[in-house]
Every structure is written in structure tokens, then in C-alpha cells.
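**Student:** Each chain is listed here by its residues.
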Amino acid sequence: MDDQVFRALADPTRRHLLDRLFERDGRTLTELESELEMTRFGVMKHLRVLEDAGLVVHRRSGREKLHYLNPVPIRLIHDRWIDKYTERRVSALADLKNELEESA
Amino acid sequence: MTTTTEQTTQVYAVFIRATPEQVWDGITKPEFTARYFYGSVIDSTYEPGTPYLGWAEDRSQQYVEGEVLEADPPRRLVTTWRALYDPETAAEPYSRVTWEIEPAGDNVTKLTVVHDELEAAPKTAENVAGGWSYVLSGLKTLLETGEPLQS
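Chains A and B supply the protein sequences, listed in that same order.
For what it's worth, the working numbering labels the leading residue of the first sequence as 1, then goes sequentially.
For what it's worth, the working numbering labels the leading residue of the second sequence as 1, then goes sequentially.
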């Protein structure tokens, strides 16, 4: 699942689509298409990759298919990867600060 | 999440390596919720029309107030929602939270949380926007490893 998320995020058009949904969620394909210089087919293809990675989920509302940004996979990557590395760096800086202050 | 406009329907989904019954227990039993839901214990009998309340673990403070609208274990839980931990969200009307649990393959369950009816509750919409991701990530970790996320 992580691979799919990283792959989905490794494309500027797809990141742009996520940003559009971040600004306003629950949009139809037609609305998203109107903001991108791209064919409907192209937008569909990118949305599909985002949906497969779980970054976009759709729900039906009457006859409309609305697309929502799902931030949970990014949170999982944050909790799995980013926290781990930043925590070490933050604690290393905290140790350095303590050492410098003790020797001062 | 300060640059986003408040979303009146928010959708959060996660795949969890667990059975629907385990996911249901994870969201309904206070001994589980205390370990990933910002330390809050949920009190409810899960009968439609009865209260759905979230408390600090020592019960010194109430965090969430709501009512069970629908409960269909282990598939679906719908409650109203008012967050009491912030005076601004506490002053807003109730919104609605729907938990949908679906089998998604061999010992994998898809959990979707829809927080909607937020039109009259913009502070709540803003407040919960980052929170649900944290909660679902924590629930996934707890059910898959038996341990809460390091905080």
C-alpha cells in the first residue's frame, strides 16, 4: 500500500488534483476537469491512480459521483516513516542543547 | 490545516488487517478507544436513541456528546456529534458521524468514517479535519499490533 501511495504522489498533476480537493472536497469529475488543462480521460486516469492508492474516495450522491480527499494514507506514512526519523533528529538536537548548556 | 476551507462532508478511509468484528470492538469498547481516540473512553449501549458520550479516561471531563442514530454491528454505526472540549465547538449544533465497516478480502476490513451535516458547525469541521486521520491511524496500529501509536 505504501508503494502505491508514494507512486501516486510522485506526479505533479496528481498532487495538483489533491490540492484542488483539499481546497474544496466532494467534487465531480466535470468540476475537476474544468480546472485542469487535460482531457476528461486524462483526469479519470489520474483519479483512478489516486483512488487505487486510497488517497481519493468517491461517494454517490443521487446521480453524482463525488470525489473526496482521504488524508489517512498520508497520515499512515507520516506515522510509519516521518515520525521515526524526525524524532531521532529532534532528540539529537535536544541532547546537543543539553550538553552545550551543561558545559557552559 | 489552517488554509483549507471547512468541508461540510469529510470522508476518511483505512484498510485494517482485522475482522469486521474486531474493528467494531475497536470503535465501540472503551478499553480500546482509550488507547487511540485522544485518550477518551466512549460510553454507549449502542441502542438507537441512547447517548453516545466520550469522556477523559478518569471521567473528569466530557469530550463528546451525541446520540446513537443507527447501530448494526459489525457493519454500521451512526451517531450525532458535538465536541465539548472547545467552547467554540461546544456552542455549535450537532453534526453526524457514520462508521462503515466492510470486509475487503482475506482478514482485511475497510473502515470509512464520514463526518457530515457540518454546514452549521464550521469550527467543528475545522477542528476534526486533522483529528480523524490521527484516530484511524491509531486504531489501525492498535488492531494490527496490539500496541497504541507512540505519542
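It should be emphasised that the hints constitute simulated quantities derived from the structure, not laboratory data.
Where hints are given, some of them may not hold.
Claimed, not checked - No farther apart than 25 Å at their CA atoms in a straight line, the calculated lysine-lysine pairs in the DSS-like style are these:
| # | chain 1 | residue 1 | chain 2 | residue 2 |
| --- | --- | --- | --- | --- |
| 1 | B | Lys29 | A | Lys65 |
| 2 | A | Lys65 | A | Lys84 |
| 3 | B | Lys110 | B | Lys29 |
| 4 | A | Lys45 | B | Lys123 |
Stated by the list, open to error - Partial list, derived from the structure: chain B residues whose beta carbon lies under 8 Å from chain A:
| # | residue |
| --- | --- |
| 5 | Tyr12 |
| 6 | Thr19 |
| 7 | Gln22 |
| 8 | Tyr94 |
| 9 | Tyr134 |
Claimed, not checked - Here are the in silico distance ranges between beta carbons for each label pair:
| # | chain 1 | residue 1 | chain 2 | residue 2 | range |
| --- | --- | --- | --- | --- | --- |
| 10 | B | Glu144 | A | Glu23 | 31 to 37 Å |
| 11 | A | Thr28 | B | Val108 | 26 to 32 Å |
| 12 | A | Glu101 | B | Thr145 | 46 to 52 Å |
| 13 | B | Tyr85 | A | Thr86 | 42 to 48 Å |
Since the model is a prediction, treat every value here as computed from it, not as a measurement.
By construction, the Cβ of each residue, glycine as well, lies at the ideal position given by its N, Cα and C atoms.
**Student:** Mind listing which of the numbered hints don't hold for this structure, in increasing order?
**Tutor:** Checked against the structure, the hints that fail are numbers 1, 2, 4, 6, 7, 8, 12 and 13, while the rest are satisfied.
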